[in-house]
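Trainee: Each chain is listed here by its residues.
Number of protein chains: 2
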Amino acid sequence: MAFSGLYMALKKSRTAWALTRILHTNKSPWGVAFLSSSCPRMSVGPMEPPFTADHYSVSRLPFPDVTSEDLNFFQRLLPGRVVTDEDDLKRYNIDWLRTVRGNSKLLLRPQNTEEVSKILKYCNDRNLAVSPQGGNTGLVGGSVPVFDEIILSTALMDQVTSFDQVSGTLVCQSGCILESLNQYLEGQGYIMPLDLGAKGSCHIGGNLATNAGGLRVLRYGSLRGTVLGLEAVLPDGSILNCLNSLRKDNTGYDLKQLFIGSEGTLGVITAVSILCPRKPKSVNLALLGCESFSRVLQVFTLCRDHLGEILSAYEFQDLESMRVVQTHLKLSNPLQESAFYILIETAGSCEQHDEEKLNAFLAKALESGLVESGTVATDQGKIKSLWALRERITEALAHDGYVYKYDLSIPVEKLYALVEETRARLGTSARRVVGYGHLGDGNLHLNITSETYSESLLAALEPFVYQWTAGHSGSISAEHGLGFKKRDHIYYSKSSEAVQLMQRLKKMLDPKGIMNPYKTIPQAD
Amino acid sequence: MAFSGLYMALKKSRTAWALTRILHTNKSPWGVAFLSSSCPRMSVGPMEPPFTADHYSVSRLPFPDVTSEDLNFFQRLLPGRVVTDEDDLKRYNIDWLRTVRGNSKLLLRPQNTEEVSKILKYCNDRNLAVSPQGGNTGLVGGSVPVFDEIILSTALMDQVTSFDQVSGTLVCQSGCILESLNQYLEGQGYIMPLDLGAKGSCHIGGNLATNAGGLRVLRYGSLRGTVLGLEAVLPDGSILNCLNSLRKDNTGYDLKQLFIGSEGTLGVITAVSILCPRKPKSVNLALLGCESFSRVLQVFTLCRDHLGEILSAYEFQDLESMRVVQTHLKLSNPLQESAFYILIETAGSCEQHDEEKLNAFLAKALESGLVESGTVATDQGKIKSLWALRERITEALAHDGYVYKYDLSIPVEKLYALVEETRARLGTSARRVVGYGHLGDGNLHLNITSETYSESLLAALEPFVYQWTAGHSGSISAEHGLGFKKRDHIYYSKSSEAVQLMQRLKKMLDPKGIMNPYKTIPQAD
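So the sequences go chain by chain: A and B. Oh and the first sequence: position 210 is 210 in full-length UniProt numbering, straight run, nothing missing. Oh and the second sequence: position 426 is 426 in full-length UniProt numbering, straight run, nothing missing.
Next up, chain A with everything else stripped away, as it sits in the complex (with noise of 0.2 Å):
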């Protein structure tokens, strides 16, 4: 047993913790690796996805066509940053899933604030519709115009702003790179308090845009929470600061929680101030292997008793999932083949303790037989090709075939339940359906896929997961948000009073509705 031979060696010596069959990998987040040449199913050539104006049931509102007049405006008020090219445009023209394809034909690339402002300004005068993009990391196709909307890019805001070495407290430009933006904070002995596959390429502002959740919710929260400040652009083009760095402030309503989950409908996030967490200075990785779901739930009821306030991360996948990280990215998976398997984090502040801890509960778990066989990884390149196992399966889902993708809530005694009943409902029909998922958030990835679209497969998906998920009073968008691909789904997790009363938050704030039209809130009647 493998796990038996590892746990003892965990007692002698903490050096023999690291098993040796970890696997080299590719430093490569899935935002990455989409960009760069080397992954052909990336590169923007035959396998372009048809225009969502032809694919999906949709119609244009009546915006104006951009002119050459318009053109003229923002090439003088951005120099050099205009890109009407249609070749270059095609990366911002197309989702990173490759299911959603715009046709902008201008792409606007700001540098700060007033010209985000005047940018809209000038767009909601003229009626024209706006798109605002960060990495273009999103999976429901918020981050792409839907028809020819103007593409409002914020990767050259990718400055740091400030830091507060006492307080934590990071502002910058809401285009800085997640993972950029985690490196240099580290350098100064702080994270920050998300993490998510896509942070080689996500943008800040997108992750508050789209209220990412990611690895680090269990043990930091939301957000909602973390984030202290925002500036934001309203569709009018005035200038909301509420940029404070302040843990407390009660002074009226909290006006940046309109913005943060809101996925660039009411206006553009143009910086952040972002409460940040210490660096642990211990962190362990361990990936156990068991037979069945309930184990998986039973382990993490004792995982919560024995590592308490040091548990960071509870993730599993199923045997589907790891196969596929095996397959198409050739991923070695340390431990023998099991039904499943939970990658569990710690981040502490004593080493010494840390331990004893993980190593009281690896013992426990061993000795009740709830886990089959595991592997802990201590040192900073080990514990990164572990999480690769469970990072990385959207990139290699990516390569499977065409892939349908849900992102559901669901109370964590039925997630796993869903799994199964699609898989059992789709048979043949599908190519793989994998589980996998944020457990300790009640965060299921489901994600099946097929050699190619398949209407009648999608017709056996939806609305069958929608409903089965709407009753087990779960969100049918835990963390992706809504987009354009999930609009209308909104009605199995919000009241109708609920919707309405968003449109009219909507209404309010961009009346014109130039801000990502087609996308998160549906047309009000």
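Mixed in with the good hints, there may be bad ones.
[Said to hold, decoys possible] Coverage of chain B stretches by chain A, computed from C-beta distances (three or more under 8 Å per stretch; other residues unrestricted):
#1 58-64
#2 75-81
#3 87-97
#4 102-114
#5 233-240
#6 371-377
#7 470-476
[As the list claims (entries may be wrong)] Straight-line Cα separation of at most 20 Å, PhoX-like style, residue types lysine-lysine; simulated pairs:
#8 Lys364(A) with Lys118(B)
#9 Lys384(A) with Lys364(A)
#10 Lys118(B) with Lys512(B)
#11 Lys330(A) with Lys384(A)
#12 Lys281(A) with Lys364(B)
#13 Lys281(B) with Lys118(B)
#14 Lys121(B) with Lys507(A)
#15 Lys507(B) with Lys121(B)
[Claimed, not checked] Pair by pair, the computed Cβ-Cβ distance ranges are:
#16 Tyr453(B) with Arg126(A): 56 to 66 Å
#17 Gln467(B) with Ser59(A): 47 to 57 Å
#18 Glu356(A) with Lys414(B): 13 to 23 Å
#19 Gln183(A) with Gly369(B): 32 to 42 Å
#20 Gln352(B) with Thr301(A): 17 to 27 Å
#21 Thr428(A) with Gly189(B): 28 to 38 Å
#22 Tyr453(B) with Asn241(A): 56 to 66 Å
#23 Thr301(A) with Asp305(B): 24 to 34 Å
Keep in mind the hints are simulated off the structure, nothing from the lab. Here a beta-carbon is modelled for each residue, glycine too, at the ideal position from N, C-alpha and C.
Starting from the known structure of chain A, arrange chain B on it as the hints suggest.
Mentor: The following block gives chain B in isolation, referenced to the frame of chain A:
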């Protein structure tokens, strides 16, 4: 040196940790004390404050008076739960601090959401103003009527709906008392994610409505992160159900955030879903004495380094605030006199590890000479006694005379400079100038007492305190909210653009302005 001896004892045995000099105190959260007859200042009698309408410069808006027809409607709707007796109404018309006094003739006590809905629909149709009230423990005059608004009390809405042992999610009505909820949860191995001095009286709905902070923010974050869902009745009587219990849900705008911290001006919160942390297995509390505020800050840095994830509170109080609890509540300070005192709480999952971390920290604090005395408590009774020294300052101040209260967020390095400047500025015209608060959150409570209310003292304090705070990019209300008394000071912390947007939100949700008028958001021009 008191601490030195203690530290040696700590090294020898765990039981020696708790100092025998810690006193027995009455268990009396200040909210409870206020309402009890044992506390003469608190009884409604000759010391009644003047009516707000007479004492403050504020004009009644043209809401109609309550008619006998209105009364009949409410008596049919809420049989036996309509209060009109003037004496019975007094405690609901006067705030805890006895600084504001409304003149409501009618108190309604609904038991459920449907009743609240019917009340608000009727009031909105009739254009009758409503003042929602929880435990009436607010400190800014937000929880009592200004004129004759109808008081809607949540006191009878005190039922727990459900508690999920796996996820730690509590769902309850908004009138549940915070301390009762905490006791209920402790029996099941969990605690509430917030704790504050008024816990014995305040309602969870009021906590949400005011985005209450308190003693656990440092560890568990703000309510914006821990509240999973809520139900609110809008001013027109419609019920908005956002009562989900999911840790993650990104389906549209996060409407619940509108109601958190809006102080009852946008609707009435009727139910709450909140994520509760596990009850820590081990809790320690240390009270330390420091000779200067710069040392308080140095100890904070040292403490974060050593205690890391088990640090659950870092509170400070100055000598003057220690004296006030000694004088008026007869609590005993177990330490020698110091210029400053620090309360450090640890909460963790392993008694032995927590002790080791705390010991290492205390040893370092001692060796470095940063602290001059100290005591540690581990058992529940003694922990409560030490906490009382800090938690009951508000109550003690109420015995000292008229209290001018300021609740400020200020960058920690500058936090105490304001107390010193205020003290120097006021000289002998104030009875006391005290500073204490949640240092870990950058939150200072600055309180000034005088024998009676004095216009000249107020003129010396305002706008000085607000200007000073704004000059240091602080917030003029960190956690108490704006209520009636601080509403017009919002501009010290928020831009006019931000306030205008708040006014538009208010207008959208409450076009007739019936909900908690005269409060939080300045009247739109």
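Trainee: Each hint needs a verdict: does it hold in this structure or not?
Mentor: Verification of the supplied hints:
1. 58-64: Check failed, 0 qualifying residues.
2. 75-81: Violated: only 0 residues of the region 75-81 of chain B have a Cβ under 8 Å from chain A.
3. 87-97: It is violated, with 0 qualifying residues against the three required.
4. 102-114: Coverage by chain A is violated for the region 102-114 of chain B (0 residues, Cβ < 8 Å).
5. 233-240: holds (count 3)
6. 371-377: It is violated, with 0 qualifying residues against the three required.
7. 470-476: holds (count 4)
8. Lys364(A) with Lys118(B): violated, 55 Å
9. Lys384(A) with Lys364(A): Cα-Cα ~26 Å, so violated.
10. Lys118(B) with Lys512(B): With a Cα-Cα distance of about 17 Å, the restraint between Lys118(B) and Lys512(B) holds, given a limit of 20 Å.
11. Lys330(A) with Lys384(A): Roughly 15 Å between the alpha carbons, so the hint for Lys330(A) and Lys384(A) holds.
12. Lys281(A) with Lys364(B): Holds - the C-alpha atoms of Lys364(B) and Lys281(A) are around 18 Å apart, at most 20 Å.
13. Lys281(B) with Lys118(B): With Cα atoms ~45 Å apart, Lys281(B) and Lys118(B) exceed 20 Å; violated.
14. Lys121(B) with Lys507(A): violated, 24 Å
15. Lys507(B) with Lys121(B): holds, 17 Å
16. Tyr453(B) with Arg126(A): 56 to 66 Å: At 57 Å between Cβs, range holds.
17. Gln467(B) with Ser59(A): 47 to 57 Å: holds, 55 Å
18. Glu356(A) with Lys414(B): 13 to 23 Å: violated, 41 Å
19. Gln183(A) with Gly369(B): 32 to 42 Å: Since the Cβ atoms of Gln183(A) and Gly369(B) sit about 37 Å apart, the hinted range of 32 to 42 Å holds.
20. Gln352(B) with Thr301(A): 17 to 27 Å: About 22 Å separates the Cβ atoms of Gln352(B) and Thr301(A), which means 17 to 27 Å holds.
21. Thr428(A) with Gly189(B): 28 to 38 Å: This hint is violated: roughly 46 Å between Cβ atoms.
22. Tyr453(B) with Asn241(A): 56 to 66 Å: violated, 36 Å
23. Thr301(A) with Asp305(B): 24 to 34 Å: holds, 32 Å
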